[in-house]
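Protein chains: 2
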Amino acid sequence: MESTDKSKFPLIVIVGGGFGGLQVAKQLEDKPVEVLMLDKHNYHTFQPLLYQVALGSLESESIAFSLRKNFGGQKNFRFRIAEVSKVNHEKNTIDTTIGEIAYDYLVIATGSTTNFFGNKDVEHYAMPMKSIPEALNLRYLIFQNLEEAVLKKVKEEREPYLTFVLVGAGPTGVELAGAIAEFRNFVLEKDYPELKKDDVKIYLVDFLPRVLGPMSEQASKASQDYLHKLGVELLLNAKVQGYDGHTITFEDGKSIKTKSVIWSAGVMGVIPHGISKDLVERGNRIRTDNICRVIGFDNVFAIGDVAAMITDDTPKGHPGVAQVAIQMGQNVGKNIVHLIKGEATVPFVYNDKGSLATIGRNKAVADLGKIKFQGFFAWLIWIFVHLFSLVGTRNRVIVFINWIGNYINYNGGSRLIIRRFTRGTVKNTTEEVTKYK
Amino acid sequence: MESTDKSKFPLIVIVGGGFGGLQVAKQLEDKPVEVLMLDKHNYHTFQPLLYQVALGSLESESIAFSLRKNFGGQKNFRFRIAEVSKVNHEKNTIDTTIGEIAYDYLVIATGSTTNFFGNKDVEHYAMPMKSIPEALNLRYLIFQNLEEAVLKKVKEEREPYLTFVLVGAGPTGVELAGAIAEFRNFVLEKDYPELKKDDVKIYLVDFLPRVLGPMSEQASKASQDYLHKLGVELLLNAKVQGYDGHTITFEDGKSIKTKSVIWSAGVMGVIPHGISKDLVERGNRIRTDNICRVIGFDNVFAIGDVAAMITDDTPKGHPGVAQVAIQMGQNVGKNIVHLIKGEATVPFVYNDKGSLATIGRNKAVADLGKIKFQGFFAWLIWIFVHLFSLVGTRNRVIVFINWIGNYINYNGGSRLIIRRFTRGTVKNTTEEVTKYK
Numbered sequence: 001m002e003s004t005d006k007s008k009f010p011l012i013v014i015v016g017g018g019f020g021g022l023q024v025a026k027q028l029e030d031k032p033v034e035v036l037m038l039d040k041h042n043y044h045t046f047q048p049l050l051y052q053v054a055l056g057s058l059e060s061e062s063i064a065f066s067l068r069k070n071f072g073g074q075k076n077f078r079f080r081i082a083e084v085s086k087v088n089h090e091k092n093t094i095d096t097t098i099g100e101i102a103y104d105y106l107v108i109a110t111g112s113t114t115n116f117f118g119n120k121d122v123e124h125y126a127m128p129m130k131s132i133p134e135a136l137n138l139r140y141l142i143f144q145n146l147e148e149a150v151l152k153k154v155k156e157e158r159e160p161y162l163t164f165v166l167v168g169a170g171p172t173g174v175e176l177a178g179a180i181a182e183f184r185n186f187v188l189e190k191d192y193p194e195l196k197k198d199d200v201k202i203y204l205v206d207f208l209p210r211v212l213g214p215m216s217e218q219a220s221k222a223s224q225d226y227l228h229k230l231g232v233e234l235l236l237n238a239k240v241q242g243y244d245g246h247t248i249t250f251e252d253g254k255s256i257k258t259k260s261v262i263w264s265a266g267v268m269g270v271i272p273h274g275i276s277k278d279l280v281e282r283g284n285r286i287r288t289d290n291i292c293r294v295i296g297f298d299n300v301f302a303i304g305d306v307a308a309m310i311t312d313d314t315p316k317g318h319p320g321v322a323q324v325a326i327q328m329g330q331n332v333g334k335n336i337v338h339l340i341k342g343e344a345t346v347p348f349v350y351n352d353k354g355s356l357a358t359i360g361r362n363k364a365v366a367d368l369g370k371i372k373f374q375g376f377f378a379w380l381i382w383i384f385v386h387l388f389s390l391v392g393t394r395n396r397v398i399v400f401i402n403w404i405g406n407y408i409n410y411n412g413g414s415r416l417i418i419r420r421f422t423r424g425t426v427k428n429t430t431e432e433v434t435k436y437k
Numbered sequence: 001m002e003s004t005d006k007s008k009f010p011l012i013v014i015v016g017g018g019f020g021g022l023q024v025a026k027q028l029e030d031k032p033v034e035v036l037m038l039d040k041h042n043y044h045t046f047q048p049l050l051y052q053v054a055l056g057s058l059e060s061e062s063i064a065f066s067l068r069k070n071f072g073g074q075k076n077f078r079f080r081i082a083e084v085s086k087v088n089h090e091k092n093t094i095d096t097t098i099g100e101i102a103y104d105y106l107v108i109a110t111g112s113t114t115n116f117f118g119n120k121d122v123e124h125y126a127m128p129m130k131s132i133p134e135a136l137n138l139r140y141l142i143f144q145n146l147e148e149a150v151l152k153k154v155k156e157e158r159e160p161y162l163t164f165v166l167v168g169a170g171p172t173g174v175e176l177a178g179a180i181a182e183f184r185n186f187v188l189e190k191d192y193p194e195l196k197k198d199d200v201k202i203y204l205v206d207f208l209p210r211v212l213g214p215m216s217e218q219a220s221k222a223s224q225d226y227l228h229k230l231g232v233e234l235l236l237n238a239k240v241q242g243y244d245g246h247t248i249t250f251e252d253g254k255s256i257k258t259k260s261v262i263w264s265a266g267v268m269g270v271i272p273h274g275i276s277k278d279l280v281e282r283g284n285r286i287r288t289d290n291i292c293r294v295i296g297f298d299n300v301f302a303i304g305d306v307a308a309m310i311t312d313d314t315p316k317g318h319p320g321v322a323q324v325a326i327q328m329g330q331n332v333g334k335n336i337v338h339l340i341k342g343e344a345t346v347p348f349v350y351n352d353k354g355s356l357a358t359i360g361r362n363k364a365v366a367d368l369g370k371i372k373f374q375g376f377f378a379w380l381i382w383i384f385v386h387l388f389s390l391v392g393t394r395n396r397v398i399v400f401i402n403w404i405g406n407y408i409n410y411n412g413g414s415r416l417i418i419r420r421f422t423r424g425t426v427k428n429t430t431e432e433v434t435k436y437k
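For the protein sequence lines, the chains are A and B, in the order given.
The first sequence lines up with residues 1 to 437 when you count with the UniProt record's numbering.
The second sequence lines up with residues 1 to 437 when you count with the UniProt record's numbering.
A few of these clues could be false.
[To be verified] Dumping the calculated DSBU-like pairs for lysine-lysine here, alpha-carbon to alpha-carbon at most 35 angstroms:
no. : chain 1 : residue 1 : chain 2 : residue 2
1   : A       : LYS31     : B       : LYS316
2   : B       : LYS86     : A       : LYS334
3   : B       : LYS152    : A       : LYS334
4   : A       : LYS155    : B       : LYS75
5   : B       : LYS341    : B       : LYS239
6   : B       : LYS197    : A       : LYS31
Keep in mind the hints are simulated off the structure, nothing from the lab.
Please model the complete structure; the sequences and the hints are all you need to start from.
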């Protein structure tokens, strides 16, 4: 069993180094506790900018930050690469890929993963985009498809490689659709003199009647206008039936031939075993009380996308956005110290600072409480917020340089296929080198 | 058969988008020819900085440049991702992964790959570093090994994960050894409070009696001093017998237990089929005349690492360095136009501008003709030369920012394990996400 040195300090085990887990660890700096963070990656991913990695306008590593480096100065912090399979709450331990670990307090901050709603074909053939490897795979697929299109002489054979269908018109889908459209409108013909931008079709699909469902009607309408101007076709009130890698079909009978379906239509929480099914809410989230504690457990917390704090004010829990995870993380960090000191805890109250979504190069929509606005100024706010939310000065500077370059000439970026993507596995191009010998 | 539109211009097919191929294509801009470049990657790799990608002090994409983007403005340029398997010179075609392609002139600029000298175990277990995927795999291995070491409680079990053996003390091996040593000396204990720098051992191995064999004795001696000061152990006059993933053995009977053997001990040219064996020189290079034409072929050229221009002045050909490839590329580009116009060609004469190698953070050695110097000033020259040799302003700025950050606090970089590396294949961490469900 892995444990820290015998210490009189309680051990707080944080599962997940995302927005929420990071905040818990930060709050516990210089507090009378030991902190052990586990994550399957050794870095934190700034998910809001993944779509730029997918289009190659940002390097993958500029939106990732080494967890060890981030907490390098925090004396009570330890990190291990590990995945948690089970919580043994009667023993106060977790089963992990590096052995059984005992905890005094456990924070489940495992986030969410893509929800394919049980459709196995879609899960196999469509591309999710919730991690850096997934964004890179998507990038490789997009640019490989363009290279395939270049080789096709017959229009019907070429079209599926130039048709992109994005399912899910939340902020992720909208931002990605706008970025692909801008690539088509301003970069494609320079990089691929063999292709015509009019041959590239981009569809944004949702079963709701409008895009950006969680945002205001005003934001929806403005986004739809911007998307239209960019040349994105909206298919609303449309429910996907299936996708076999060649054709995507809808419940109304419509179908589109495409080699690229990108799925951002839903998320579900990532829950280890050991949590009773009656505690699992819709969207695979763990039910918690108003200090983020898993119902019935006095030393296990759940925060962020994996949690559902059901109260009279929040009958469906909170939205799965970064600000919720960040604020819950801060709340849990403080409350753990209160509990240890025998002090009163502070209930969690979400301070909704608003929503932003960007469409294309210099437009965005913003709902900031009662104030709703759209256009260039909203975009400046979006830039500002995302740049300063990044972890680390170096990352901020690198992203900023990339954005300046992209803004000046549209043509920034690393549209590089580093490894050939094939479904099921990522083929290592080292294998391709050996073919020459 | 793939071909361009019927055009009265001759088609120049360039196989390889490295230093040499790039220059041929550049020379042919606005000339009365069509250019088709083929490469297995859609980007050019700036190999001299690969070792920084391996250590995570540079993002992988900052040393890669999209070939399509680079030549986006060149009207007579086309690009395809393809690998060439065979030259059919009697037909003037090449067999490729995208079909048979006819050429009027062919330039073989395929470069070199790692030479394991026939040792199959070493080839399987040791890590080469001649491409971005290989540098990334090496990075993942290094940092995965450190994570493994953290989990080991017994010193003997931990040591192999903390022992790094670099075989080949040319510039690549020396630069990488210096970088690993600096990581150990200045960053390791901050990121990994569980590890001690004295537990990490770094060996630099060569069968020659001194490091940097191609450089001057003065440069060798200075490098050896710097390496000693950084704590790298030199094993010279040492020939590797085998490596099984756990222990590397030498012909003198010595052995070292290590999980990381990095092989930069030799290169060999990458030659497609169809070139007669009597034209293949030592190091798997194609013999050419003094205008880089393959002996006996009047319309096929070979340049750079894959070529051996054997003359009285150059009885062993030229060194496999970037400047040779660049200058040969320029020469071939110009001579192709001369040949087309029926003008006299210009023989190739290599202008040796000197050699540089860097050791650690701010030391380098420089042989610039008669002038040989070492230390901080040589390092400034190294920085200057490499920064301005990069392709593209954005890449230069990004690399510069990274270097500033690294210089100020040693602690730049993205020591990120994006995908878990296992020998044989690269396991996609997307597979690891599904384990949670």
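Structure-based check of all given hints:
1. Proposed proximity of LYS31 (chain A) and LYS316 (chain B) is contradicted: the alpha carbons are some 67 angstroms apart, above 35 angstroms.
2. Taking the CA atoms of LYS86 (chain B) and LYS334 (chain A), the gap is about 67 angstroms. The hint is violated against a cut of 35 angstroms.
3. For the suggested pair LYS152 (chain B) and LYS334 (chain A), the alpha carbons sit about 33 angstroms apart, so the restraint of at most 35 angstroms is met.
4. At most 35 angstroms may separate the alpha-carbon atoms for a hinted pair to count; LYS155 (chain A) and LYS75 (chain B) meet this at roughly 23 angstroms.
5. A C-alpha spacing of about 52 angstroms is found between LYS341 (chain B) and LYS239 (chain B), which places the hinted pair above 35 angstroms, so the restraint is violated.
6. With a C-alpha separation of about 28 angstroms, the suggested pair LYS197 (chain B) and LYS31 (chain A) falls inside the 35 angstroms cut-off, and the hint holds.
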